Each structure stands twice: as C-alpha cells, then as structure tokens.
Amino acid sequence: MSTAITADALGTAVPVLSLSPVVLSVPGRPVDLQVRISAPVTGTGLPVILLSHGHGPSNNLSSLNGYAPLADFWAAHGFVVVQPTHLTSRTLTALVADAPGAPDFWRSRAEDMTHVLDRLDVIANAVPQLAGRIDPTKVALAGHSLGGFTAALLLGAGLTDPDTGHVVHLVESRIKAGVLLAPPGRGGDVFNGPMAEQWPVIGAVDFSTMTAPALVVTGDKDDPRHFTDMGPDWHADPYTLAPGPKTLLTLFDAEHGLGGIAGYDAAETTDENPERVAALARLTAAYLRTRLHPGDNAWQATCEALTTGPDPAGRVESK
Numbered sequence: 001m002s003t004a005i006t007a008d009a010l011g012t013a014v015p016v017l018s019l020s021p022v023v024l025s026v027p028g029r030p031v032d033l034q035v036r037i038s039a040p041v042t043g044t045g046l047p048v049i050l051l052s053h054g055h056g057p058s059n060n061l062s063s064l065n066g067y068a069p070l071a072d073f074w075a076a077h078g079f080v081v082v083q084p085t086h087l088t089s090r091t092l093t094a095l096v097a098d099a100p101g102a103p104d105f106w107r108s109r110a111e112d113m114t115h116v117l118d119r120l121d122v123i124a125n126a127v128p129q130l131a132g133r134i135d136p137t138k139v140a141l142a143g144h145s146l147g148g149f150t151a152a153l154l155l156g157a158g159l160t161d162p163d164t165g166h167v168v169h170l171v172e173s174r175i176k177a178g179v180l181l182a183p184p185g186r187g188g189d190v191f192n193g194p195m196a197e198q199w200p201v202i203g204a205v206d207f208s209t210m211t212a213p214a215l216v217v218t219g220d221k222d223d224p225r226h227f228t229d230m231g232p233d234w235h236a237d238p239y240t241l242a243p244g245p246k247t248l249l250t251l252f253d254a255e256h257g258l259g260g261i262a263g264y265d266a267a268e269t270t271d272e273n274p275e276r277v278a279a280l281a282r283l284t285a286a287y288l289r290t291r292l293h294p295g296d297n298a299w300q301a302t303c304e305a306l307t308t309g310p311d312p313a314g315r316v317e318s319k
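Reminder that position 317 of the sequence shown reads as 317 in full-length UniProt numbering, one-by-one numbering, no gaps.
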C-alpha cells in the first residue's frame with residue numbers, strides 16, 4: 001500500500017535518455033569538464049538536479065559514471081540530472097595530480113556547477129530532443145559525502161581557506177534547494193580523527209550562512225571516526241548548525257553508502273540494501289519536487305508512506 005501511495009505522489013516513471021560525455025571547455029581548468037545528462041524522454045519545463053559525486057574508493061563511481069540508482073530514478077520522475085566529473089575523480093588522478101588545488105580541489109568542485117549553470121543551453125542542445133524542455137529557474141543540487149561538502153558551499157556555507165585564512169563564499173544563487181547525502185560536519189575541537197590533518201578543508205566550513213532550503217540525509221550507523229569521535233550525529237551538522245528552512249532525514253541502519261547509492265551492486269557499499277536506496281530515491285525526489293513546485297504534496301505524501309507505520313525507512317524532522 002505504501003508503495004502505491006508513493007508512486008502516485010511522484011507520478012509514473014517514464015523512460016530515460018542518458019548521454020555522456022558532454023564536454024565543456026573551461027579556461028584554466030587542467031582538463032575539460034565532462035558531464036553526463038539523464039533526462040525523461042517526455043515532458044517540458046523540466047527542473048534540473050546537479051549531482052556532485054563523492055570521493056570513494058572505486059575507480060569510476062566518483063565521476064559522471066556513478067550514482068545511477070539516484071540519477072536514473074530522478075530522471076524517470078521528471079528531472080534533468082547533470083553529473084560532472086570533478087577534478088577529485090580517480091579517473092583523473094594521473095592527469096591532475098600536480099594541478100593547482102590538488103588533491104581536494106574544493107574550489108574547483110563548486111565552480112564546476114557554476115560552469116554547468118552558465119552553459120545549460122549548450123548542454124541541452126547537445127542532448128537529442130532536450131533543447132527547449134528545461135526550466136532554468138528550477139535548479140536543485142545534490143551531493144554525496146565530499147559532494148555534500150561541495151553542496152554546502154554552493155548553498156551558502158562559508159569556508160576559511162586553509163592556505164590564506166580568508167573566508168570564501170561560493171554561494172550559487174541560481175540553486176533553489178539542495179540535498180546533502182551523508183555530508184561532512186563541523187570542524188573545531190571535535191575534528192580530531194586521523195584524517196583531520198590530511199583534509200583540513202573539511203573542517204573549515206561554517207554552516208551558519210547556509211540559508212538555502214536543504215534536506216540533509218544521514219545514516220544512523222554512519223561512523224565518521226576517521227574525522228571525528230562525535231559519531232553519526234556529525235553528519236547531521238549541516239542541519240543542526242545551519243539556519244532554516246532545513247529538513248533532516250535519518251535513515252535507519254544506514255552506513256555511509258546509504259544502502260548503495262553510488263552505483264548498482266557496488267562492492268564498496270557496506271550496507272547494501274536496495275529497499276533503502278529505493279526509499280531514499282523517492283524521498284529526495286519528492287522533497288525537491290515540492291521545493292521547486294510550491295504547493296505540490298509529493299513530500300508530505302512520500303514521508304507518510306515511507307517514514308510512518310510499522311517498518312519506517314527513517315525519521316524526519318524540520319526547522
């Protein structure tokens with residue numbers, strides 16, 4: 001019964017067209033920016049989701065080739081999904097190891113999304129039958145893990161540049177809402193794990209200026225001990241420390257892979273659970289639909305279907 005309710009809230013899935021790579025030349029970038037576009041074969045006035053990949057151990061999932069379980073679902077339910085390969089991707093390591101900004105490329109990752117938005121028309125025209133079907137005023141952003149860090153910056157969080165000590169803001173006003181999937185949390189005294197010294201930029205974020213609407217998704221078994229001894233709550237910091245409107249979705253029994261969102265049957269997923277991934281795909285699509293189309297009840301209906309009852313996927317709170 002819950003599945004039927006959720007499906008009705010999001011409508012019927014339609015076939016998806018996916019094209020890659022679309023290549024954008026960016027002056028000063030050590031390699032061209034390559035993106036994958038996934039779009040429904042029908043519909044007009046389509047909203048856009050920019051998807052920022054993480055930094056996982058696979059060779060190809062941290063690129064435009066990852067996150068198919070989310071990209072496919074979102075596109076089948078009315079979104080145009082744009083996935084860049086950031087300079088942190090393992091597919092580029094040999095080419096960019098000595099480039100400025102290596103190895104974390106925090107500024108470049110955020111700038112990739114601005115380049116995509118600047119050239120949405122070029123991207124749409126490169127995909128057969130997509131030209132004229134995108135609504136450039138309805139743009140959302142999603143990011144997993146390091147992609148959640150990138151999303152926070154684009155949604156308004158500040159960052160103290162570890163090299164200069166200056167506070168940097170890379171907010172992108174064209175992005176109307178975001179989804180942060182298992183994102184990093186705060187720095188300071190709790191940023192005390194073995195990886196904290198190696199990645200100081202992770203702990204340099206100030207969430208107090210992240211004013212854009214966002215859904216933060218965490219797993220209650222996602223242990224970030226390599227960065228902090230705070231436990232899974234650390235990943236909720238972008239919700240806890242940022243001003244509203246924010247929503248927190250805590251997935252039960254989920255670890256950092258949130259059931260396997262980075263790829264189908266990815267061996268690196270420590271908590272593989274197709275049902276969890278399906279629930280997350282529905283909840284995130286519903287959240288962004290309601291944010292981009294005020295008055296749409298997809299979020300409320302999907303939450304009722306998947307986070308209440310005898311076997312909820314997780315719990316939701318908002319501020």
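Hints were generated in silico from the structure; no laboratory data involved.
Hints may contain errors.
[As the list claims (entries may be wrong)] Simulated crosslink set (EDC-like; lysine to aspartate or glutamate; CA at most 20 Å straight-line):
1) Lys221 x Glu272
2) Lys221 x Asp311
3) Lys221 x Glu317
4) Lys176 x Asp135
5) Lys319 x Asp253
6) Lys221 x Glu197
7) Lys319 x Asp206
8) Lys176 x Asp253
9) Lys176 x Asp118
10) Lys221 x Asp271
11) Lys221 x Asp206
12) Lys221 x Glu304
13) Lys319 x Glu304
14) Lys221 x Asp253
15) Lys176 x Asp233
Just so you know, these numbers come straight off a predicted model, no measurement behind them.
Structure-based check of each hint:
1. Restraint check: the Cα-Cα separation between Lys221 and Glu272 comes to about 13 Å, which is no more than 20 Å; the hinted pair holds.
2. Simply put, Lys221 and Asp311 have alpha-carbon atoms about 17 Å apart, close enough for the 20 Å limit, and the pair holds.
3. For the proposed pair Lys221 and Glu317, the alpha carbon gap of about 18 Å is at most 20 Å, so the pair holds.
4. About 12 Å separates the Cα atoms of Lys176 and Asp135, which keeps this hinted pair within 20 Å; it holds.
5. Restraint check: the Cα-Cα separation between Lys319 and Asp253 comes to about 24 Å, which exceeds 20 Å; the hinted pair is violated.
6. Using a Cα cut-off of 20 Å, the hinted pair Lys221 and Glu197 is violated, with the two alpha carbons roughly 24 Å apart.
7. The suggested pairing of Lys319 with Asp206 holds, with an alpha-carbon distance near 18 Å, which does not exceed 20 Å.
8. Proximity of Lys176 to Asp253 is assessed by CA-CA distance (about 30 Å); at most 20 Å being required, the pair is judged violated.
9. Distance hint between Lys176 and Asp118 is fulfilled; the C-alpha atoms sit about 15 Å from each other, no more than 20 Å.
10. Taking the CA atoms of Lys221 and Asp271, the gap is near 9 Å; set against the 20 Å cutoff, the hint holds.
11. Between Lys221 and Asp206, the direct Cα distance comes to roughly 25 Å. Violation of the 20 Å bound is thereby established for this hinted pair.
12. With a CA separation close to 23 Å, the supplied pair Lys221 and Glu304 exceeds the 20 Å bound.
13. Taken as a hint, the Lys319 and Glu304 pair is honoured in the structure, with Cα atoms around 18 Å apart against an allowance of 20 Å.
14. Under the criterion of a C-alpha separation no larger than 20 Å, the hint pairing Lys221 with Asp253 is consistent with the structure, at around 6 Å.
15. For the suggested pair Lys176 and Asp233, the alpha carbons sit about 26 Å apart, so the restraint of at most 20 Å is broken.
Checked against the numbered hints above, the structure breaks hints 5, 6, 8, 11, 12 and 15 and satisfies the rest.
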